[in-house]
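Student: Listed below, chain by chain, are the residues.
2 protein chains.
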Amino acid sequence: MKLKDETKEIDYLIRNMNKLLSQYTKEQLINKGLTLPRFKTLWMIAKLEPVNMSQLHEEMYIANSTLTVIVDRLVEDELVRRYRSPKDRRVVLLEVKAKGKECLEKILDIRQLFLEEGIKLLTKEEQGNLIKTLNKVYNCIYEKMEERKG
Amino acid sequence: MKLKDETKEIDYLIRNMNKLLSQYTKEQLINKGLTLPRFKTLWMIAKLEPVNMSQLHEEMYIANSTLTVIVDRLVEDELVRRYRSPKDRRVVLLEVKAKGKECLEKILDIRQLFLEEGIKLLTKEEQGNLIKTLNKVYNCIYEKMEERKG
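As they're listed, the protein sequences go chains A and B.
Numbering-wise (this note's numbering), the first sequence opens with residue 1 and increments by one.
Numbering-wise (this note's numbering), the second sequence opens with residue 1 and increments by one.
Bound-form chain A, shown alone (with noise of 0.2 Å):
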């Protein structure tokens, strides 16, 4: 089967788009003093919250030993907390604080304030469209992979 050529370009473009958003959200935590390991961490404690160490291992595929080094800092500035599930006291948790949270809306807004340079340049029909369209494909693949787990 052959691939249309628009599917190649807007994936080209989705993925170069945000792969630049991205580059550019780093140099802006290397700015702030964070570090793009420690970032990641945050944010996926954020997205599986709950969640243990092993969990966040198998996610992040850092080794356990630097994992716990970036945790450490993490909770050490009070960004996550770490605390024991009432369920099983043997367990320990991760959670993201109040201050982890303002961080990763912070690096969030920065990320959107440089894309914003560009959506200002469409006009708002364009802008219009552009929401149509992508939710149009963004649901039609979600609705796909929720498909797969059911």
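FYI, nobody ran anything at the bench for these hints, they're computed from the structure.
Where hints are given, some of them may not hold.
Which copy is meant is left open, so a pair is good if it fits within one copy or across any two.
To be verified - Straight line, CA to CA, 25 Å or less: simulated SDA-like cross-link-like pairs of lysine to any residue:
{"hint": "1", "residue 1": "120", "residue 2": "24"}
{"hint": "2", "residue 1": "19", "residue 2": "67"}
{"hint": "3", "residue 1": "4", "residue 2": "92"}
{"hint": "4", "residue 1": "19", "residue 2": "75"}
{"hint": "5", "residue 1": "2", "residue 2": "104"}
{"hint": "6", "residue 1": "32", "residue 2": "148"}
{"hint": "7", "residue 1": "124", "residue 2": "83"}
{"hint": "8", "residue 1": "19", "residue 2": "112"}
{"hint": "9", "residue 1": "40", "residue 2": "29"}
{"hint": "10", "residue 1": "47", "residue 2": "117"}
{"hint": "11", "residue 1": "4", "residue 2": "63"}
{"hint": "12", "residue 1": "47", "residue 2": "149"}
{"hint": "13", "residue 1": "120", "residue 2": "3"}
{"hint": "14", "residue 1": "106", "residue 2": "73"}
{"hint": "15", "residue 1": "106", "residue 2": "143"}
{"hint": "16", "residue 1": "101", "residue 2": "29"}
{"hint": "17", "residue 1": "106", "residue 2": "12"}
{"hint": "18", "residue 1": "124", "residue 2": "20"}
{"hint": "19", "residue 1": "120", "residue 2": "60"}
{"hint": "20", "residue 1": "144", "residue 2": "23"}
{"hint": "21", "residue 1": "149", "residue 2": "117"}
{"hint": "22", "residue 1": "120", "residue 2": "50"}
{"hint": "23", "residue 1": "2", "residue 2": "77"}
{"hint": "24", "residue 1": "19", "residue 2": "139"}
{"hint": "25", "residue 1": "40", "residue 2": "15"}
{"hint": "26", "residue 1": "87", "residue 2": "97"}
{"hint": "27", "residue 1": "2", "residue 2": "51"}
{"hint": "28", "residue 1": "32", "residue 2": "60"}
Knowing the structure of chain A, use the given hints to seat chain B on it.
Tutor: Below, chain B alone, put in the same frame as chain A:
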């Protein structure tokens, strides 16, 4: 400064569409007996080649010992070639072999075939407009990134 709602929505769509496509690709990799770290490493070598282990380590945030195991497997499977730099025999470099390039292309095809399910729902006109508007935004942030470097 307040962000436009349109920016937030477009960022959300781009970010999550990319995430869904990566998630799908990851599942397909597992079905093919590949692992995500091996695939990511192969991808990064293709991006940076010729590249030495310490450059690769800096980009990947994987522990050196883990990265060595991953690269050994890629070399063993003839996806990657390891050779001494002709300029400096002390430097060991990596590059992707033909079989590795084929593997990367196949994975990209799988990703794009999935995306095409959604693209097919759009009319020819919607597809054209989507490419046009995404290009406008992409070119703008691409140029802004280039300016930052210069």
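Student: Indicate, hint by hint, whether the structure satisfies it.
Tutor: Each hint tested on the structure:
Proximity of residue 120 to residue 24 under the C-alpha cut-off of 25 Å is restricted to the intra-copy arrangement: shortest distance 18 Å within a copy versus 32 Å between copies. In this assembly of identical chains, residue 19 and residue 67 lie within 25 Å of each other by CA distance both inside one copy and across copies; the values are 24 Å within and 22 Å between. Taking the shortest alpha-carbon separations for residue 4 and residue 92, neither the intra-copy value of 49 Å nor the inter-copy value of 40 Å comes in at or below 25 Å. Taking the closest pair of Cα atoms, residue 19 and residue 75 never come within 25 Å of each other, the shortest separation being 29 Å inside a single copy and 27 Å across copies.
Taking identical chains as interchangeable, the C-alpha atoms of residue 2 and residue 104 lie at most 25 Å apart only when they sit on different chains, with a minimum of 17 Å there against 41 Å within one chain. For a Cα distance limit of 25 Å, the shortest separation of residue 32 from residue 148 across copies, 17 Å, qualifies, whereas the shortest one inside one copy, 40 Å, does not. In the homo-oligomer, the alpha carbons of residue 124 and residue 83 never lie at most 25 Å apart, since the shortest distance is 48 Å inside one protomer and 54 Å across protomers. Taking the closest pair of Cα atoms, residue 19 and residue 112 come within 25 Å of each other both inside a single copy (13 Å) and across two copies (17 Å).
In the homo-oligomer, the alpha carbons of residue 40 and residue 29 lie at most 25 Å apart both inside one protomer (11 Å) and across protomers (22 Å), since each shortest distance falls under that limit. Proximity of residue 47 to residue 117 under the C-alpha cut-off of 25 Å is found in neither arrangement, the shortest distances being 28 Å within a copy and 27 Å between copies. When the C-alpha separation of residue 4 and residue 63 is checked against a cutoff of 25 Å, the pair qualifies neither within a copy, at 40 Å, nor between copies, at 39 Å. Taking the closest pair of Cα atoms, residue 47 and residue 149 come within 25 Å of each other only inside a single copy of the chain (19 Å); across copies the shortest separation is 32 Å, beyond that limit.
With identical chains, the CA atoms of residue 120 and residue 3 are at most 25 Å apart between copies only, with a shortest distance of 11 Å across copies and 32 Å within one. In this homomeric assembly, residue 106 and residue 73 come within 25 Å of each other (Cα to Cα) only inside a single copy, at 19 Å, whereas the closest approach across copies is 40 Å. Taking the shortest Cα distances, residue 106 and residue 143 sit within 25 Å of each other only across copies (24 Å), while inside one copy they are farther apart (30 Å). Proximity of residue 101 and residue 29 under a CA criterion of 25 Å is satisfied intra-copy only: 15 Å inside one chain copy versus 32 Å between copies.
For a Cα distance limit of 25 Å, the shortest separation of residue 106 from residue 12 across copies, 15 Å, qualifies, whereas the shortest one inside one copy, 28 Å, does not. Proximity of residue 124 and residue 20 under a CA criterion of 25 Å is satisfied intra-copy only: 24 Å inside one chain copy versus 27 Å between copies. Proximity of residue 120 and residue 60 under a CA criterion of 25 Å is satisfied in neither setting, with 35 Å inside one chain copy and 34 Å between copies. Taking the closest pair of Cα atoms, residue 144 and residue 23 come within 25 Å of each other only across two copies (12 Å); inside a single copy the shortest separation is 29 Å, beyond that limit.
In this assembly of identical chains, residue 149 and residue 117 lie within 25 Å of each other by CA distance solely across copies; the values are 17 Å between and 37 Å within a copy. Taking the shortest Cα distances, residue 120 and residue 50 never come within 25 Å of each other, neither inside one copy (38 Å) nor across copies (39 Å). Within a single copy, residue 2 and residue 77 get their C-alpha atoms no closer than 52 Å, and across copies no closer than 28 Å, so neither meets the 25 Å cut-off. In this assembly of identical chains, residue 19 and residue 139 lie within 25 Å of each other by CA distance both inside one copy and across copies; the values are 22 Å within and 13 Å between.
For the homomeric pair residue 40 and residue 15, the shortest alpha-carbon distances inside one copy (18 Å) and between copies (15 Å) are both at most 25 Å. For the homomeric pair residue 87 and residue 97, the shortest alpha-carbon distance inside one copy (21 Å) is at most 25 Å, but the shortest distance between copies (51 Å) is not. Proximity of residue 2 and residue 51 under a CA criterion of 25 Å is satisfied in neither setting, with 42 Å inside one chain copy and 33 Å between copies. Both within a single protomer and between protomers do residue 32 and residue 60 lie at most 25 Å apart by alpha-carbon distance, with minima of 23 Å and 21 Å respectively.
Of the numbered hints listed earlier, those contradicted by the structure are 3, 4, 7, 10, 11, 19, 22, 23 and 27.
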